[in-house]
Structure formats: structure tokens, C-alpha cells
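Chemist: Since chain A is already given, all that's left is putting chains B and C on it; use the hints.
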Amino acid sequence: MSTTPLSTAPMTTAGIDAVGRRLHDLVAALMPPMRSITGSGVRATLDLVRAALPAQIPFTVHEVPSGTPVLDWTVPREWNVAGARLVGPDGRVVVDVADNPLHLLGYSTPVRARMPLSELRQHLYSMPDRPDWVPYRTSYYNDAWGFCLTDRQLAALPDGEYQVEIDTSLTDGSLTYAEIVLPGTTDEEFLVTTHTCHPAMANDNSSGIAVAAELASALAARERRFTYRLLFIPGTIGSITWLARNPAAVGRIRHGLVLTGLGDRGAPTYKRSRRGEAVVDRAAARALAETGRPHRVVGFSPYGYDERQFCSPGFDLPVGRFGRSQHGEYPEYHTSADNLDFVTPESLADSFAILNRTMEICEADRVWRNTSPYGEPQLGRRGLYRSIGATMNRASIEMGLLWVLNLADGTRTLLDIAERAELPFDAVANAADALAGVGLLTEDGPAVDSPDTAPIAAPATVAPPGTIAAAPEPAVVIR
Amino acid sequence: MSTTPLSTAPMTTAGIDAVGRRLHDLVAALMPPMRSITGSGVRATLDLVRAALPAQIPFTVHEVPSGTPVLDWTVPREWNVAGARLVGPDGRVVVDVADNPLHLLGYSTPVRARMPLSELRQHLYSMPDRPDWVPYRTSYYNDAWGFCLTDRQLAALPDGEYQVEIDTSLTDGSLTYAEIVLPGTTDEEFLVTTHTCHPAMANDNSSGIAVAAELASALAARERRFTYRLLFIPGTIGSITWLARNPAAVGRIRHGLVLTGLGDRGAPTYKRSRRGEAVVDRAAARALAETGRPHRVVGFSPYGYDERQFCSPGFDLPVGRFGRSQHGEYPEYHTSADNLDFVTPESLADSFAILNRTMEICEADRVWRNTSPYGEPQLGRRGLYRSIGATMNRASIEMGLLWVLNLADGTRTLLDIAERAELPFDAVANAADALAGVGLLTEDGPAVDSPDTAPIAAPATVAPPGTIAAAPEPAVVIR
Amino acid sequence: MSTTPLSTAPMTTAGIDAVGRRLHDLVAALMPPMRSITGSGVRATLDLVRAALPAQIPFTVHEVPSGTPVLDWTVPREWNVAGARLVGPDGRVVVDVADNPLHLLGYSTPVRARMPLSELRQHLYSMPDRPDWVPYRTSYYNDAWGFCLTDRQLAALPDGEYQVEIDTSLTDGSLTYAEIVLPGTTDEEFLVTTHTCHPAMANDNSSGIAVAAELASALAARERRFTYRLLFIPGTIGSITWLARNPAAVGRIRHGLVLTGLGDRGAPTYKRSRRGEAVVDRAAARALAETGRPHRVVGFSPYGYDERQFCSPGFDLPVGRFGRSQHGEYPEYHTSADNLDFVTPESLADSFAILNRTMEICEADRVWRNTSPYGEPQLGRRGLYRSIGATMNRASIEMGLLWVLNLADGTRTLLDIAERAELPFDAVANAADALAGVGLLTEDGPAVDSPDTAPIAAPATVAPPGTIAAAPEPAVVIR
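Protein chains in written order, with my numbering: chain A, 1 to 479; chain B, 1001 to 1479; chain C, 2001 to 2479.
It should be emphasised that the hints constitute simulated quantities derived from the structure, not laboratory data. Take these hints with a grain of salt, some might be off.
As the list claims (entries may be wrong) - If the Cβ cut is set under 10 Å, some of the chain B residues that face chain A in the computed set are: (1) Ser1372; (2) Pro1373; (3) Trp1403; (4) Ala1408; (5) Gly1410.
Unchecked claim - Have a look at the derived ranges for each label pair, beta carbon to beta carbon: (6) Thr186/A / Ala2113/C: 58 to 64 Å; (7) Thr186/A / Arg1381/B: 36 to 42 Å; (8) Thr186/A / Pro1183/B: 56 to 62 Å; (9) Arg1382/B / Ser66/A: 19 to 25 Å; (10) Gly380/A / Pro2331/C: 22 to 28 Å; (11) Arg1382/B / Val111/A: 24 to 30 Å; (12) Asp2025/C / Arg381/A: 39 to 45 Å; (13) Thr186/A / Pro2331/C: 48 to 54 Å.
We treat Cβ as the ideally placed atom computed from N, Cα and C, and that holds for glycine.
Next up, chain A with everything else stripped away, as it sits in the complex (with noise of 0.2 Å):
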């Protein structure tokens, strides 16, 4: 029986300043692209990721085309952007989305028009509260066109007529994501998702996805138990969209994590899945008790994320979500303010470094069984205990060794030795490992949960309804 490493060594300063430096870079470089739920933006942006990994990291771009059923809805027509600006009366350009992207609502319709400013007025938008910041916008459902821009720009706009060039496409294409798959000693699988769909903002979702892709760098060089699935999708239409083609895959979620936001200056915030207690939650929260430092664990809700559509009641997902200040909660939040001065190396370095150790205690964490159950074991002749005496020098590795034996009844996980014994969780998994190494324990399986309630059984089969024979995957494996 091999035991999992816990975990390399801990991160020096020196490497955490390294990390922080090298995601500051990666989430500068993610800025510029086009993004949106579709489009050549979301490939560029796949292609900076790739660019940004070990070559050995398999790195698959999947494509779906438009009109695809996927779960309750149906993949979008695929948006591009060849230019957009608005012309003023006097031929000046008020705003042109080669400057930002922001500039422009997203999934605006083609235009070519000229009209008055009272007409033009109603596609407007701007924040009167933030007069110098751009609004972030989008109408992907609804066939709409506007622009966003200061609202200190649009006060000074003169009357007019003013020159509308929106060359934008809305076609049969694809939805386009990707997916990194590292396996493990088992197939029970460790997914991380974070959304593409965001464009021009460092926090929302630039850091999210760089802090994914220095985790598969740093996955891909360490013994794994789990299969470490990272997907890389936009928002909504792209969870569902990987939910709807992966009923297989679905069924082996053990533990997941969506990330967004990780570069603010806020505490670092964790957001339980639906299910409330299952590991990643508990793991979760663990990491963070452990630095010491101010944070939040916050109950589940239905608004957010992906993790709406994870923990939608048919899966019902052990997934929870990490970041830091949340959606909302700093005026900045969808807004051109949300810049690279927003993020910083150290927060980006710490969000790695919690989730890091979150993934650490998910792999770590067990199902024990005491193989000696009836009285204690002589430890002493093993080796494990001290003989003589009143010492206590030795006093916390016991009262591991002694929990351990005491509580590993094939019921508990460690994570649940270490809370009922009020101890850290590394000195109860050396003490498994120790016991383990000389035969006094036996693993029963890795931690499992089970949800308080039962996830929605589908009428004949344990997968999602259709949509999978009827989309062969046109998968393009890039290397």
C-alpha cells in the first residue's frame, strides 16, 4: 500500500514571489483579446494559455456548433468583431473598440446607421456614479446593439447626427473552450473550471484564468491521486454546454472548484457548494484557517458563477467556488476600472497558495480502518512510541497516533479525525501515514461524500437528458 505524498515542500518566499510575478505577466497578456461567450476573442485567449504551459500539458480545444441543444438551451450563433466606433456629428470618433473592448455591448448585432442623439441615447451606456469608468454589457439572448463608454463622455456628446459602425457578425460558428486533463493514480476525478467570456478585466476573468493555468503546471509535475480535469469555458452556455457532452465524466466529480476574481486586495473567499459539507468545502475552509490571515467561507446560493450550474439540483456537484472579493461586492466589479493596478503579484501568488493546499488535504484526506480495533495496539514495540517516562516531547505526534487509532473505524474521513480531535490536519494524516507504514491501518477508499440530499434521478439513465449522440465531438486535440 503506497501512501500519497502531502505535498512537495512548502513554497518559499522566494518561489511565492516568483508565482505572483509570473501570474501578474500572464494576466497582463490576457487582457487584450476580444473575448466573449464565442469567437475568435475566446481562441486567441486559449491560444495565450497554451502558449503559457509546459509542452507536455495536453491541452484539447473543443469546438460546438452553433444550434447544438445543450441541457435547456442551445449553443448561440458565434460573434466576432471585425471593428466597431461611433462617429460623431462632427466626425470625431467618440469610441472605438480597438481602444477597449468595453466599448462595445457585447453580441451587438452589425449596424450601419446614422441618427440623432436622442435616438441613439437609448444604446448607450454609461455609469453617472463613476463618471470616468466604462461599463461592461452584454445581450447575448436578445438581438440588441450598443455602445458603453465614460458617462463624463457621453455628458459632453453635442447634438447631432452621429455616423453608428458596428461590423460585427453573428453566424453559424461554434461555441469554443478547453480542456486539460492530468490523470491520477484513479479515475475519480478534481475539476476546476474558470470562465473565458470577460474580456479587457484583470480580477473578472483574467486572473481567474491564469491562476488555472499555473495549477495545471503545477499538477502536471506532482503524484496524483485524482484525475485533475481543468476546464477553461465561458460563462453559463459553457458549463452547460461541458455538462451536457460529459455524462460520463460528470459522474466521477469527486471535488471542484470554480475560480474567479483571484487578484483583488480582499480576503480570500470561498463558497461552499450546494451540498454544504462535502470535502473540497471542508478542505476548503481548512486552507484557509490554516494561513492565519482574514477570510471568508460563505454559505451556498443559486446566484454567481458556474457553480449555479454544477450544483443545479439534477448534478448536484461537490463543487464550490474560490476568489476574492465577489461579483458585486467593489464598485470596480464589470467595469474598465478593474485594470491590472486592481490585481496584484501577492494576492494572485496567495489565491495559488490556498488552492494549492486545498487540493493538498482533498488528496490526503481518507477513509481509515484500524486493523488492531480491540484495545490499543502496543505501539511501543513498533517503534512509533516512546518507552520510558513522563516526556512530553513527543506529546502532539501522539495524541495523533492515539486519535488516529481511535477514530479510523472505516466511518471517518481524516478530515473528520482532525476536526473531532481538535488538531491539525497534517499531524492526523502523518499519523495515518506512519500507522499505515506499519500495518496497523488499512484504507477503506478515499473520502467520499454523500450529498444531504440525492441528486434528481433522470427518467432512464443516471446521464443529463440527449443532446450527446446528436453532437459527435469535433474535438481538435492541439497537442
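Modeler: Coordinates of chains B and C only, in the frame set by chain A:
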């Protein structure tokens, strides 16, 4: 699939005032009859109730013969009072039941005797600490006689021979109670009971009788999912008699409320059923919390009114008690000071409104199942959801929709969802109605309690033992 | 149906004083023998216990041969001490075990040698922070020898050659323990154990031995529902040996208490069993609360005395530990300062009284079933209930009757009912006795624990593995 309207429009201030005045008038009308657990005073009381009800409400008066075995008890002899007075040595009338029913010990045996004050004293009841109030005393199951009077009267009694004139009868007759059954779309029942045995007191329990009558009128005018059964019964022996005679109806009771003491100036108070977390318990607690005013929710105890019988372990029905100040909490309790000044139109109307709201919540509470549980359904194309941007106008509506979709998995009631989501009940109920309207929810059934312990199985049948076949029901349908 | 008397009358102050003096005298008598986990010092100790017991109490001494396999352990060689002393360069005796058994490291091998102080030092144990106390040290399972002395003595030792004279023997012999079994009306058992291996210390554990003997005397004079089994055993190896040899008795244990450290001035302290909410855990907590004086109830941990073995996961017995200050909480622990001044008659008597009350509650606790569960039974005609009016004299008696009738549904113990009703245990127990007396309650059985996790099933049998057939019991019945 039709959905039950949550409520008629909330009552207007004028409407509430009218209800309060009507209730106070009915309380006043109910004061004079010489009520006890049996006898013509009960029948006179039921006549007053009948007269206060709209003509179309079926009002059934039951007469159960003396000597009928009912559970562990026996229906007692019928007690009637032709007159009762105590005449002093000087020929002056000390007390006369014609002035106040409280002057006569309830169930006094007939007596014609002369005796000195020293012998008489053991038959006289007063309140030394409340020298101007007449106490209320009874002796149903031990033969006894006596007079109740103010302590000031008692202290002033001269020595000498007194004439006791108690013209009562204790004869084989019957126990009288009334029943209103308002059928709903299902035969599952909502039980409302109030005791009819206390004479000449406004709060205990003319108020209960009056509010029950007003509820009958309101319920008769409304769509009903539940079948409502309102009982006007003598305390203890009345509920025991009804339980013994109605095993089939007992099995259909889903919610129940015992009404008592609804008119005093104290805070509205709900006493939980033995189950503690029955739907009616949670609905009443919500209705009280929604008032935003001081209120109490107290735990079950086996002391009190007829909830003692409904919540005995063999029945263990989800029946709570609603009132304001509780027995023993106010000095006027069971005295002549529980008079028309002690109850107010405002308190009576407020009690009525809270009961009404409790019933509305029970009507609306049910178990829904999301028909599209894999991922979120696309609300936008169903006209339920905003299609653009980040305005917060419809935020709470949307949170209701999202929470209901997420938690409506066939295991949770709307009350469960409202509690978990920390949303007002109506936000959740309205969302459920809207989602059901577009086919995204299907009803799994009404909310049903699972008791924390199973009721005790009767030896051979689920019905309580015996007495039913032996006592064919001499029901008299009044209209 | 007979009911167990709740208790003999509460002890009088004079009675308590007498118990305290008797216990302190017995503690004093128990100090001299050269106790260890085996050997003639244990036998001498058991002779003292036997002498303190009334003649009719059966007192069985067991001898288990060295080399007998017991669970994961082996019964060690028997250790006996003919003498042991350390002689200085000047011919003066530094320490002599004849002065204090603590001077010799427990299980010291025989040694006759001369050596310089420098070599001797690694065999000398003292307490630098308590320069006048002799520490208590042992080395049962690693061959070693040594002397314990005050740090002041150690500091004053002159250089030179020392003569080590340790006349001990480590030979095939046996492990000795004693057992008292007091049959009850059922064969369900209440286990009481105390360790007999610590020499020359008053609190740890002459106090435990003395109080166990006093309990045996008290229990022998009483009606007993449970069969009481009292064990006087060496720590760890003694409980392991008993558990290995008594699988049938193990299966009959319903409650158990490990006694240690019962005489110091600290607050009485109960340590819960691994199950945490076993009947004995709740009974002990109640008994402590009833004292109205400071006390502690602490959670289970796998560190401590023989509860470690009884609460190992394979056995998971409902066995807690009772004492006052805990090991390691007081500086006198495991030193010569744990002497006769450290324990008081008052503390010893108080410990005895609390243990007595804990046993009374366990005896009285049981599951009753209301034989008339439909509605309230008519208490008045059974002479249990007031028949007139509103006096409150018998209020708490009546509340006991009503609560027991309401909750005695075959699922709740009297402890459950007392906790739910917030009534004193005796109010509930007395009500149950009265109701049983008139046939309104029937006994469903004694209160039985359901462990929070099932004990680990042995491979082929519910008994712990092996060793029993291999080791026929060489029991010697003393009387």
C-alpha cells in the same frame, strides 16, 4: 395544474376595524349564557354562533349521550341550572347565579339547606389577594357544591344561619358540541377547535368562540385546498369525545389550531405542537414574524387546553395553540375581571389576521419538483428574466426564481426553501407559481409532516379503541 | 411489575463523615505495598482490599501466566523486588526502596555493579523544578534500571564510585487481578474498574482502590437491577487482559466507570465515553449537576487511563471515567507529593456519593410506554390528581405525571423525558413509578445506548480474537 391563490388582497385598515368591532360585539353577545361542559347553556351558545354565521355554512350540532365511553373517559351527566342563590341570616340575597354565572361552582349538585356560616365557609370560594373579583371554579368529576364571591363580600358576611338554594340537575342527557366542515379540493383536513365550556368570561373563551366563527365565514368565501373542520367543544371531555368518535377524520388531519384567549392586550403567542416543527408550527411562527411586532413562539408542554388531547402520544397530531396571554400569566385569568374591558377590538382583529395568514401559508406550502433540474433552465426565453445587464430592480424576484429552481428537488417544501434562502415566504411562493405557470415546476404534493416519533400504534387498528360502534351519532343538522 | 427503589435514603452528614474517614483510613493502609503491574505487591494490595470488604462479598483473584497473548499484547514477566539501594562512595545509602517504593524505577532489571557517578547519572531521575519531590518512573517493556530521588539529593551527590544493588527478579509468573461480581435481577452489567499498579501514591491510585471497595460494600447491600462487576487491575495490560479473557461479559456491559484520582481537593470531573451520550455519560452529568457545586464534564479523548482500552473502536463500550483533578493537571501528579495530605476525607466521600447517585440514575432510567396513549387518561378517578380548582401545591408532581404520560411512547428513556421536560430526574422517575403503580405505564426495557458508530465487527465472531481457549483461567477464589 392550477395553483391556489396565496390570498385575497391583504385586509385594509377599515376592513380590520370592521372585523375587530364585529368580533367584540360577538364576544359581548356570548357572555350571558350559563355555559359548562354540558347543558342548555352550551346549546344557547351554539345558537348564538349559528346566528352569527352566513346562512350557507353547514353547522352541525352533535349530542352524545351521558354514559358513552370515550377513550379512557365517560361522557358525564348533563348539568342544568334553574337557579342558585345564597340567602343570608337577614334574608338578603348574598349571591345569585342570575347576576353572574361565576357565582355558582360549576357542576354543583342540587342543595336546599340551612347551615351556619361556619359550616358554609368550606363551600365558599374567594380571592383574598383580589378582594373585588369573583373566581371561576368547577368540580366536574367529584360531587360538590359551592358559591364563588368577592373576598370583600365574604369578609362582610355576618354570623348566623344561611339558606342555600341550588336548583341544579345532574341527569342522563348529553354532551353538546358543534362542527362546521368546509370541504376543500382535497380531503386532507385543517382542524380548528375552541372550547365552549367557560361561562361569563370574555377572553377565556368567548374570544375563541367568536374568532372561530369569523374564521368560518372567511374560509367559506375562499378557495380551499384543505377541508376545514371547526369544532366548538367543551374543554378536555369535548376533544376526547370528538377524537373517540371520529377516527377516520383524525387520520386526515394535516394541520390544526386550538384557539383560546385571543382578545387581551398581550402579545400574540403560538404554542408549538408536540412535533415541534410541524408545518403549522412553522407557518404560525412565520405569520407572527411577518407582523414585525412583539410575539412569542413557545415550546410544547402537556399542560394547557385541548392541545393536550390532540398531542397525546397515541394521536400526536400536528395541532398547536394560538392565543395571546397564556393561562396563569395574567391575574384576571379565571375571574370575573376577564370581562369586556379586558378584550379589545384591535387584539381580536390582530389574532384573526395572524390566524388567517397562518392558514394561507399552510395552503401555499407544498413540495415542488424542478422539471429541468440539469443546469439552470434558460429563463430569458420564457419571459421570466431580464435579458440585459446589471440593474437590480427585479433582484429579489430573480433570487426567488433561482432558489426555488435550485431547491425544488421533491424533498423540500416552500417553507424549507424560504428558510434556507432567507427570503419572505411570498417571494418563494410567488416564484413557484410563476415557474409552475411555464412548466418548470411540477407539484409533488402538499407539505406533510413527518413526526419526530411515530404515533403509538393501537393494538389492532390505527383507530383509537372502541366506542364508535357503540355510540351511533345522534347528529342534528341545524341547517 | 416491581419497580426498583430509586435509592435508599440520602446519606446523612454523619454518614458522609463516616464514609470519608473510612476511605481515608483505607487509602493510608494501601500506601506501603510495592505495587507494580505484576508481583507480590499487587497480591498484598488485593489482600488489603479483601480485608476491607464484608465477608459475604465474593472476591476472586485471577492469576494469568506470563507469556499469555492478550489482544495485541503479551502478559509480561512477573516482577518482584527483594530490595534495592544505591550506596555512595562514602558507603552511605543514597536511596533505599525500603524507605519509599518510588525510589526504584518500576520493572528495573536486577543489577549488582559499581560505577562512577558519570555513568550512574543516566540511571537517575529527579525533578529539577520540584527539588524535594521524588518522581515516579517505570520501564515495563524496555529492559532498564534506575533510581528516582529528589533533585536536592542528586545535586549533592559527590563524585566517586557508587554501588548499585538492585535485587529484583523478572521471571515467568503471572499477572494478578481481582474481580467482584454482584448479581442483579438481570445479567446486564455495570462495570467499575480501578488500577492497582501505582505504588505509594494516595490519589493515584490508592483513592480509586479504596472507593471501589466502598462501592462494592454499598452495592452488596442494595437491590440491583444490573449485575455489578468491579475490577481491581493493573493499568493498560490489566484491562487488555480482562477484555481478552471475557468476551461474553464484554457483550453484557451496559454502563461502566473507570475510577482514578478521587481524593484530591479539585472539582469532581467526569470524562465521557467515546460514545459521548451514553446513559452513563448523561447520568454522571446529571449527578454532578445535582450537587449544585463546581464540577466538570469533559469530552472523550484517547489519552488517559483504562477507558482507552474499553473505548477502543473494536469494543466501543459505554465506559466513562470519574475522578477529580486529572493526570497532568496538578504538579503532585506522579510524585512523592501525592501523599496522604494531598487527599481529604471530604473529597473521597463526595466522590463516593456522586458515583452512588450516578448508579442510582442508571438503575432508575428505563423506557416506559403509556398504556392509555389516546388522549389523557382520567387521572382524577385514579387518585393521582387534584379534583378541584387551581391550587398549585401539587403542580410539579402533576407536571411530572403529564410529561411522562405524554412522552412515554416506547422511544424515550426517563433521562430523555427529564431533559425534554426540564424537570429533576426524580420528579420524572417518581411520576413513572406512580403511573406504573396504577397500570398506566408498562416497561419497555432498560435504557440502552445506541452507539453513534457501530463497533467494528471482529472477523469471525463478535468476541475479540483468540487467546481465550489458549489460556484456561487459573482463578483462585479467595472466599
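Chemist: If a hint holds in the structure, say so; if it doesn't, say that too.
Modeler: So, going through the hints one by one against the coordinates:
1. Given hint, Ser1372/B at the interface with chain A, holds; its Cβ is 5 Å from that chain's nearest Cβ, closer than 10 Å.
2. Interface restraint check: Pro1373/B against chain A, minimum CB-CB distance 3 Å, threshold 10 Å, status holds.
3. The closest approach between the C-beta of Trp1403/B and any C-beta of chain A is roughly 6 Å, which is under the 10 Å cut-off, so the hint is satisfied.
4. Because the beta carbon of Ala1408/B sits about 7 Å from the nearest beta carbon in chain A, less than 10 Å, this interface hint is met.
5. Interface hint status for Gly1410/B: upheld, as the beta-carbon distance to the closest one in chain A is roughly 7 Å, under 10 Å.
6. Our hint of 58 to 64 Å for Thr186/A and Ala2113/C holds, since their Cβ atoms are close to 60 Å apart.
7. The hinted range of 36 to 42 Å is satisfied by Thr186/A and Arg1381/B, whose Cβ atoms lie roughly 40 Å apart.
8. Distance hint for Thr186/A and Pro1183/B: a CB-CB separation of about 60 Å, consistent with the stated range 56 to 62 Å.
9. The hint said 19 to 25 Å for the Cβ distance between Arg1382/B and Ser66/A, and at roughly 21 Å that hint holds.
10. For the pair Gly380/A and Pro2331/C, the beta carbons lie near 27 Å from each other, so the given range of 22 to 28 Å is met.
11. Arg1382/B and Val111/A have their C-beta atoms about 28 Å apart, which keeps the hinted 24 to 30 Å range intact.
12. Judged by the Cβ atoms, the range 39 to 45 Å given for Asp2025/C and Arg381/A holds: they are separated by roughly 41 Å.
13. For the hinted restraint 48 to 54 Å between Thr186/A and Pro2331/C, the CB-CB distance of approximately 52 Å keeps it satisfied.
The structure shown violates none of the earlier numbered hints.
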